[in-house]
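Engineer: What follows is the residue order along each chain.
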Amino acid sequence: MRFDTNKKNTAKKRFNLGEFKLLLSLSLQALETNRLRTILTTIGIIIGIATIIIVLSAGRGLEKYIIDQVEAFGADTIEVEMKIPNVSDMEMMSAMMRGAEITTLKVEDFEALKELPNIGNYYAGILGQFKTVYRNNSKTAMIYATTAGLTEIDKQIKIGQGRFFNEKEEKSQAKIAVLGYDLKEELFGAENAIGKSIKINQVNFKVIGVTEKRGGIFYFNYDKMIFVPLKTAQKQLLGVDHVIYGFLQVKDLSKTSETVADITSIMRKRHSLPPDNPDKDDFRVTSMQEALEMMGVVTFGITLLVLAVAGISLVVGGVGIMNIMYLTVLERTREIGLRKALGAKNKIIERQFLLETIIITGLGGVAGIIFGSIVVVLIEWVSGSLGYSFGLTITLDAVLLAISAALLFGIAFGLYPARKASHLSPVEALRYE
Amino acid sequence: MHKEPLLSIKDIKKDYVTGEIVTHALRGVDFEVHEGEFIAIMGHSGSGKSTMLHILGFLDTPSSGQYFFDGTDTTKLTEDDLAEIRNKKLGFVFQAFNLLPRTSALDNVRMPMIYAGIDEKIQFEKAKKALAAVGLSHRLKNNPNELSGGEQQRVAIARALINNPRLILADEPTGNLDSKSTEEIMGIFDDLHRKGHTIIIVTHEDNVSDHAEKIVRMKDGMVFERKISEKHEYIAHNKPRD
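Note that the protein sequences, when read in sequence, are chains A and B.
Just so you know, we're using the numbering used here here: the first sequence kicks off at 1 and counts up by one.
Just so you know, we're using the numbering used here here: the second sequence kicks off at 1001 and counts up by one.
Here chain A stands alone, though its shape is the one from the complex (with noise of 0.2 Å):
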């Protein structure tokens, strides 16, 4: 295209906007007169383009869904959780599956470990399931019976009425409860819980606080349950002295490692344990950052395996569109032997055909677009209404992966086929069967 404003150019430009005219009405002149065909190829191209949109959105959703998750537990935290000695983690599962309990892990150990100088403060807990009664309503609920460190740690774990329990009553074995969101709707309905006794077990609680809606995270749904104190817990519900996990928080990120190592090489003191023989460690010790940069791996392979089923989905929808149309124009070889014969320069044949492709692959796109989106806020808002969200997110260049493999295709795979049959000799076009 030139843009010199001389006059032989303007008059230029004004035939060639006579030309687009007469494409256009070509065009769209054979689109209408081979309408099923028009509406079935478009349909291929919606699907492909479609395809596209929803694996890509779920790809992204899933990475983010998984990065989403570990960060819930705090990235600056180092977990210590009780393991089985001298066991694989394969045969560990079972064992805890048939009941096997390990309870060496105190509450102890992590205010030992607190005192070390990179580490700030730590929740430990440990869960049960009680029936649990407010007045005639009754659930059974899942008790968390943790440490007043749980809220500055788990900052998603939010108070929307009241307030979270403090060390003094945890220590003092208060007997008082925080409620998630979905069980204080259960159990008071929109009555004011706080303040209220439930009776957990038979034991009666007070209701100082209620969380925030949260939604839940892998297997846990804080929402569901009762934030109790850990020694009142374990005192009165569970008549046991152990945890099962903790998470310590940590305060200089760049020497994690190190308070790590520092944080074994005491437990195994407490312990009493060999101070170089890991097998026998009754306990585990993972940073989060660890587990982070195991889940860059982990992403970074999803997000590979999204690549290599977007790829496939874009070669499949793209073969298809290369398919269609070669056929299209294949299948019309006698249509461009007669236009030429009435008088058709090649080039208005060849671009015909191209602003055709262009109007199918365009629109095919564009519906695609809609569709393939349609689909992916259906499948979140039905996940969404199941109380998960996956995350999925259509992304610019989703889009525009979608788009421009749309066009390129249709127009390689419909120019191609036009281009050699306005070349053919009107008289070879017209015999073609």
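Nothing false has been slipped in among the hints.
Straight-line Cα separation of at most 25 Å, PhoX-like style, residue types lysine-lysine; simulated pairs:
id : chain 1 : residue 1 : chain 2 : residue 2
1  : A       : K21       : B       : K1126
2  : B       : K1088     : A       : K347
3  : A       : K106      : A       : K280
4  : B       : K1128     : A       : K21
5  : B       : K1003     : B       : K1195
6  : B       : K1076     : A       : K347
7  : A       : K347      : B       : K1089
8  : A       : K21       : B       : K1121
9  : B       : K1088     : A       : K21
10 : A       : K420      : B       : K1076
11 : A       : K171      : A       : K114
12 : A       : K21       : B       : K1141
Taking beta-carbon pairs under 10 Å as the criterion, some of the chain A residues facing chain B (in silico):
id : residue
13 : S25
14 : R339
15 : K340
16 : K345
17 : K347
18 : I348
19 : H423
20 : P426
21 : V427
22 : L430
Take a look, some chain A residues computed to stay more than 12 Å from chain B by CB distance:
id : residue
23 : E79
24 : A112
25 : F130
26 : N136
27 : A148
28 : K158
29 : N221
30 : E258
31 : G301
32 : V366
33 : F371
34 : G384
35 : I411
Worth flagging that the hints you see were computed from the coordinates, not collected in a lab.
Note that CB positions come from ideal geometry on N, CA and C, so glycine has one too.
Fit chain B to the given chain A structure using the hints.
Structural biologist: Chain B alone, transformed into the frame defined by chain A:
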């Protein structure tokens, strides 16, 4: 005749190569057509008569030889130039009608004007007139599959005439028609001839070639007989249409 011929070909040859086999469709044909003539090219299938018509109509190019059309040596013209000649100076009528399917009679007739870049309003006016002239005023909106064979061929003739061509080329125009439609279509050709149009018609049927003034017989890619039609005068005078 002193006037320059409308077209003249000299020693035209056409070879088709299929693998290693070379078919000589035309083995050196000389031919002249003057303005206003009505010529029938006859011959059996394989005689080269259709190849001849395709070359005369610039639908195909000769392997060698010279072709002057309307005073121009066409062997040196570009594809675009030839497209323009086909568009503005020639009109084709085919055996299989070759109308665009699923396209109305009116739009089919408009097609050559669209490629000629004629104003859309004029396109519709002229196309309607042309269809009226072949007796199809009531069929403007019909698609080809809603028309009889004779009607389809009349649409094709209207289309061939729409840009006022110098030459009308018809390839077995009645080959797909019954005898009644054949008579109707040939009546239209007679009419056109009487109005001064130049017509070349390819056929193997005597009752069709009888309408022409001159008959050219071909065999094995060569012209072996040229004669004046005996019945032309009789037909022309005894079957007036207007």
